[in-house]
Each structure stands twice: as C-alpha cells, then as structure tokens.
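Novice: Letter by letter, the chains look like this.
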Amino acid sequence: MSADTDIALPKSLRDQFAIVGVGETAYVRGSGKTTRAMATTAIRNAIADAGLTPADVDGMLSYSQGDSTFSNIVAGDLGIRLNFYTDIFGGGSSVEALVGMATGVIAAGMCKTVVIFRSMNGYSQMRMGASGVMAAQPIAGDLLHSRPYGWLSAAQTFSFAFMRHMREFGTRPEQVAAVKVAHSQHASNNPKAYYKHRVTVDDVLASRFVCKPLHLLDCCVETDNATAIVVTSADRARDCRRPRVLIRGVVGRCCKPRSDNYYQHGPITTVAGRYGREILWPNAGVSPEEVDVTGSYDAFTFTTLLQLEDYGFCKKGEGGHYVSDGTIRLGGRRPNNTSGGHLCEGYTHGISMVVENVRQLRHDADDSCPVGADGRRQHTYDYREGGCRQVKNAQISANLGWATPGVGSAMVMRRD
Amino acid sequence: MPTSGEYLGMRLEISDLDAENRAYFEYCAAHDFRLQACTACSLLRYPPTTACPWCANPGAQWTSVQGRGAVYSYGEVHQAIQPAFKTGLPYHVLLVELDTQQGKPSEHEALRVVGNLVEPDGTLASPERVRAVGIGTRVRMVFIDVAKGLALPQWTVDEEAEQPAKPWRYVQD
Numbered sequence: 007m008s009a010d011t012d013i014a015l016p017k018s019l020r021d022q023f024a025i026v027g028v029g030e031t032a033y034v035r036g037s038g039k040t041t042r043a044m045a046t047t048a049i050r051n052a053i054a055d056a057g058l059t060p061a062d063v064d065g066m067l068s069y070s071q072g073d074s075t076f077s078n079i080v081a082g083d084l085g086i087r088l089n090f091y092t093d094i095f096g097g098g099s100s101v102e103a104l105v106g107m108a109t110g111v112i113a114a115g116m117c118k119t120v121v122i123f124r125s126m127n128g129y130s131q132m133r134m135g136a137s138g139v140m141a142a143q144p145i146a147g148d149l150l151h152s153r154p155y156g157w158l159s160a161a162q163t164f165s166f167a168f169m170r171h172m173r174e175f176g177t178r179p180e181q182v183a184a185v186k187v188a189h190s191q192h193a194s195n196n197p198k199a200y201y202k203h204r205v206t207v208d209d210v211l212a213s214r215f216v217c218k219p220l221h222l223l224d225c226c227v228e229t230d231n232a233t234a235i236v237v238t239s240a241d242r243a244r245d246c247r248r249p250r251v252l253i254r255g256v257v258g259r260c261c262k263p264r265s266d267n268y269y270q271h272g273p274i275t276t277v278a279g280r281y282g283r284e285i286l287w288p289n290a291g292v293s294p295e296e297v298d299v300t301g302s303y304d305a306f307t308f309t310t311l312l313q314l315e316d317y318g319f320c321k322k323g324e325g326g327h328y329v330s331d332g333t334i335r336l337g338g339r340r341p342n343n344t345s346g347g348h349l350c351e352g353y354t355h356g357i358s359m360v361v362e363n364v365r366q367l368r369h370d371a372d373d374s375c376p377v378g379a380d381g382r383r384q385h386t387y388d389y390r391e392g393g394c395r396q397v398k399n400a401q402i403s404a405n406l407g408w409a410t411p412g413v414g415s416a417m418v419m420r421r422d
Numbered sequence: 008m009p010t011s012g013e014y015l016g017m018r019l020e021i022s023d024l025d026a027e028n029r030a031y032f033e034y035c036a037a038h039d040f041r042l043q044a045c046t047a048c049s050l051l052r053y054p055p056t057t058a059c060p061w062c063a064n065p066g067a068q069w070t071s072v073q074g075r076g077a078v079y080s081y082g083e084v085h086q087a088i089q090p091a092f093k094t095g096l097p098y099h100v101l102l103v104e105l106d107t108q109q110g111k112p113s114e115h116e117a118l119r120v121v122g123n124l125v126e127p128d129g130t131l132a133s134p135e136r137v138r139a140v141g142i143g144t145r146v147r148m149v150f151i152d153v154a155k156g157l158a159l160p161q162w163t164v165d166e167e168a169e170q171p172a173k174p175w176r177y178v179q180d
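Protein chains in written order, with my numbering: chain A, 7 to 422; chain B, 8 to 180.
Please keep in mind that the hints were generated in silico from the structure rather than gathered at the bench. Check each hint, because a few of them may be wrong.
[What the hints assert, rightly or not] Here are the simulated SDA-like cross-link-like pairs (lysine to any residue), alpha carbons at most 25 Å apart as the crow flies: (1) B:173 / A:323; (2) A:322 / B:112; (3) A:322 / B:178; (4) B:93 / A:212; (5) B:93 / A:213; (6) B:111 / A:266; (7) B:93 / B:151; (8) A:398 / A:338; (9) B:155 / B:30; (10) B:155 / A:143; (11) B:155 / A:146; (12) A:198 / A:390; (13) B:111 / A:261; (14) A:39 / A:130; (15) A:321 / B:114; (16) B:111 / A:152; (17) A:322 / B:177; (18) B:93 / B:180; (19) B:173 / A:176; (20) A:322 / B:179; (21) B:155 / A:144; (22) B:111 / A:323; (23) B:155 / A:142.
Put together the whole structure using the sequences plus the hints.
Specialist: As structure tokens, then:
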C-alpha cells in the first residue's frame, strides 16, 4: 500500500470491515414477483455466498424511493431476528452511504453483521425514467419550479450540467459515447447482463435523442431486480467462505453547496465528487493512480465521465479524453463498470457496481471462463466478445455513486 | 384555500402552509417577478427558500427583479415524459442567467431561472425557434396565467436585445 496521504481524519476504521457476501436476482423486464420476493432471493444468495446462515445476520439496511419492501418484512421471510435495521429514502449514492452506516453500527456494538439490499421493479412498477406514476402525480411545493416545465426526469434535470460541460471544455458526443461502447463490451462478457450486445460510437450517435445531449444509448436500462451485499467486521470475515474484500474508506452522500438546486452554484459542471474526493482518498490512504478498477455510476454515459473527472482520475475538463482513450475498457489501465453497469447489465441504483467490484477483487468475476477443479474460474484475460471480464491482478477498486450533480457517495475497497 | 390550477394537463397545487411559494406565484399572477432579498446580506435568491442559502438568515423582502437575461444552459427534450409535452417536440428547458446579481456572491454564481422557451403569446416555442436558440441567446420573461394567484414565468426571445451572432448549440446540430 502506498504512502499515506492522510491529513487529519482518523484511520481507525480503515480495513476493519469487509464485504463478505454478494448476491442478486436475474436482471429482467417483467419479474412477475414482488419486491419482497425478489429481495428475499437476493439476500439468500448473498448470505450463502458468504458461507453464512441467516442466523449469522442481525442487521439490515435498505434504500428505495418508496417503491420497495422493508427490512423487517424481508427479515421475517429469511428467519432473521434483527438487532438493527433502517430503510432510507434514496436512489443512486445510497449504497456507499449505507456501507458507511453499517460499519458505524457494527463499531458501535449495535449488531454484528449487516445485509444491505435494493429491490426494485424499475421496469414493471415504478419506472426510474419518471414515466407512469411519477409523471401522473399532482405538482406541488418546490416541484412547481421544475415539473411544470417538463423538467422532470434525470435525463432532463442533469442536461444543464452536461451541455455546459460540452460548451466549456469542448467535450464531444463521440467521446461521451465511448462510455457506452466500453460498458457494452464488458456486458458482452457478463452472462447476467440485460443488454449483452456490443455497440459502436456510431450506434450511440445514431440512436434517437432523449434529451440533448443524451441519445437513447447514452441512457441506462430500466430493469426489475434485487441486489444484496453482506458487511461484517474484518475479524469475522476471516471465517467466511470467500477471500476478504476490505473497506478502505467511504464517502456518504457528500454534497455540493446548494445541492437542492445544484444549477445555482457554479461551476455547474462540477459535481459532488469534487468535495467527496477530499474525504475519499485521505481516508482510503490511496490515490486515484493506484486504483485498478472503477465503478463510476452510469445512469448516463455523462455521469461516469463527470465523476471520474472530479474524483481526480484525470484533470478537470479532460474527462472526454479519459473515457475515450481506452483506459476504461477491459484490458485498459483502469476499466470502469466491468459488469456493463447500469447502461447494460441492469439498473440497481448503484449496488450492483459494488457487487461487481467485490467479485473483481476476489478475482472471481462470473464470466464464461471455465471453472477449475478447485471451483474457481480459470480466467483467460481474453476480453473478446463472450470471453473473460476479470481484471488482471485487481487489488484496489473505487465505486463512485451518483444521485444528482450535487450529491454523491464513494467507496474504496481492497483485496486482502 | 389551497391554490390550484391546470397547466398543459398537469395539476399544480400550492398548499396554504407553503408561504414562500404562495407569495412567489401570487406576484407572478400580477405579472411582477419578485425574488426574496435577504434582510441581512441583501442577496437575492432563486427559487424561493425558507432562509438565505448564503447567510442562513430567515428574513426576506420580496423584491421586483427584471425578467431579462441570457441562456446559460439548456436541455432540448425529444422524448417527453408528461403527456402534454408530447405534441410539441422538441421543446427547450432553459436555464437563464438573469442580468441582475451576476457573479455574486462568488464568481461562479448567479440567479439562474428555469423555464421553457415559449412564443411571445406563451405557447411552447415552434421547432424552428427551438433550433435557433442556444447558450447566449437573450431572453425576456413572460407570464402564463394558470389560476387566481398562480402564473408561471416562462422565457421568450428578447426581440429588443442585441443577440449573439451564433448562440452556442450542441455540436451534432
């Protein structure tokens, strides 16, 4: 591990907690199941992945936008008696914040092992593209300054920052599209991904506009799925089934000034990561250069770019170059969203990107490579379509979660 | 009595409890664009809030502000979410930087007011006009009357202002 860049923050919790289990349902459109049923499946998978039993879990955290089940309901279906649970409101940027909270409540002695889950019928029930239920609601309160103007969905509300980035830095559509190209290549090596086909820059630019500057293929996919992770102390993690993935540092819902109206405080091309990076890197004790794999939230191609830039993976304004020069592709220096992310694998509000990086750090990405006699995948590192998606010798990952330009979360993990 | 009305098929409601938004939209209904000026630091703010975002002082004076400025950024919507917008595609959502209070309290800040690009009569702008407007276009405010005590501020091209030779537009255009 590199020289410590810590300035003032305590390091006592660094490497003291681990993610020991990950699990999910299939990524589908039309689950035919309740969020309760899906959550139960995902959590059962995550607990089994950890080599634990439900009796070992006594804490639970979840996030939703009022579109999902609750921890104490799901716990009943799993035979778990909880010593702690909380269900928070939120979408992107929730999972990293909840990992931080899980480590805090374990440190406080409130419980020992925490499951974090997100279960959503994001296609067949509450659609995150804001059509259906969201668009039909009466408009009141602070929303009177946005929704009457047809300024409602994430694509619409973030467009001011994206457009301004193109104006100020000369960021080009084909550079932005390279994010989708990379993630589609990764998804083609992910049997779980909803969209497995590879696309080109031309495909992205030729797809219809949703809200300029975003084409259809700049936008993520809406899917139905549940996803879960298991967090416990680093000591307890030694007894689990998988190699330990240790939590180095967490940023939880870090905000820009005036994050309620991000477009009021400039530069509006600056996102919350500009502030989050001042917590993340010192707490994690690593620098961006040392990160092997990133999970920069891709609700849109552009969100990936803006966060990589503001967390310091490249200079401000050079995000377009960074995402299009091969760096973020498998086989590149620092692949991003090796599962295909929200653009291709499925939409989970961020937690699936943590799941993916846990598997990367275990050196056990669930691609199509053959499984050896020891039960582990024999990775080929041949990244051609349908092949491997394991990053060679991945040691350190960074997840960069996005809620809005004004609010973000992040987490650095490392292989033991 | 709560204020409510229909605009483009959308139901708009202002609760009796919502003093800031009630005052804001009542001034708009009188076609008088007013923002809260902090009684401590004097800075204007948008949208209406309970206290000053810069000094946290709750006191404010509703102050008339000129509804003129330039487009700072925009989103050009080609896939409408709300039904009423589906007939007038594409439409512009503009972020307009007012001439008033630019560069305060910091160099990167200004009063940036959201609205659609509309024709002078308040209807959503034609596709031809949408194509002609970009960052830098000078606009002026017009009001759409929705109900008693409720009008929406919108933006139309300022015919009297000197316009940039070529406003900045998305490069694929």
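Novice: Each hint: holds or not?
Specialist: Here's how the hints hold up against the structure:
The hinted pair formed by residue 173 of chain B and residue 323 of chain A meets the criterion: a straight-line CA distance of about 23 Å does not exceed 25 Å. Distance restraint check for residue 322 of chain A and residue 112 of chain B: the Cα-Cα separation of roughly 23 Å lies within the 25 Å cut-off, and the hinted pair is therefore satisfied. The suggested pairing of residue 322 of chain A with residue 178 of chain B holds, with an alpha-carbon distance near 21 Å, which does not exceed 25 Å. Using a Cα cut-off of 25 Å, the hinted pair residue 93 of chain B and residue 212 of chain A holds, with the two alpha carbons roughly 21 Å apart.
Annotation: proposed proximity of residue 93 of chain B to residue 213 of chain A holds, straight-line Cα distance about 19 Å (limit 25 Å). Proposed proximity of residue 111 of chain B and residue 266 of chain A is supported: the alpha carbons are some 18 Å apart, at most 25 Å. With a C-alpha separation of about 19 Å, the suggested pair residue 93 of chain B and residue 151 of chain B falls inside the 25 Å cut-off, and the hint holds. Between residue 398 of chain A and residue 338 of chain A the CA atoms are separated by roughly 10 Å; this keeps the pair inside 25 Å, and the hint holds.
With a CA separation close to 12 Å, the supplied pair residue 155 of chain B and residue 30 of chain B stays within the 25 Å bound. A C-alpha spacing of about 21 Å is found between residue 155 of chain B and residue 143 of chain A, which places the hinted pair at or below 25 Å, so the restraint holds. Between residue 155 of chain B and residue 146 of chain A the alpha-carbon distance is near 16 Å, which keeps this suggested pair within the 25 Å criterion. For a cut-off of 25 Å, the pair hint linking residue 198 of chain A to residue 390 of chain A stands: about 17 Å separates their Cα positions.
Using a Cα cut-off of 25 Å, the hinted pair residue 111 of chain B and residue 261 of chain A holds, with the two alpha carbons roughly 20 Å apart. The suggested pairing of residue 39 of chain A with residue 130 of chain A holds, with an alpha-carbon distance near 10 Å, which does not exceed 25 Å. Distance check on the hinted pair: residue 321 of chain A and residue 114 of chain B sit about 21 Å apart at the alpha-carbon level, within 25 Å; holds. Annotation: proposed proximity of residue 111 of chain B to residue 152 of chain A holds, straight-line Cα distance about 23 Å (limit 25 Å).
Between residue 322 of chain A and residue 177 of chain B the alpha-carbon distance is near 20 Å, which keeps this suggested pair within the 25 Å criterion. A hinted pair counts as satisfied when its Cα atoms are at most 25 Å apart, and residue 93 of chain B with residue 180 of chain B qualifies at roughly 21 Å. Between residue 173 of chain B and residue 176 of chain A the alpha-carbon distance is near 16 Å, which keeps this suggested pair within the 25 Å criterion. Annotation: proposed proximity of residue 322 of chain A to residue 179 of chain B holds, straight-line Cα distance about 23 Å (limit 25 Å).
Restraint check for residue 155 of chain B and residue 144 of chain A: satisfied, since their Cα atoms lie roughly 18 Å apart, inside the 25 Å limit. With a CA separation close to 24 Å, the supplied pair residue 111 of chain B and residue 323 of chain A stays within the 25 Å bound. Only pairs whose Cα atoms come within 25 Å are accepted, and residue 155 of chain B paired with residue 142 of chain A is accepted, the gap being roughly 23 Å.
In this structure, none of the earlier numbered hints is contradicted; all agree with it.
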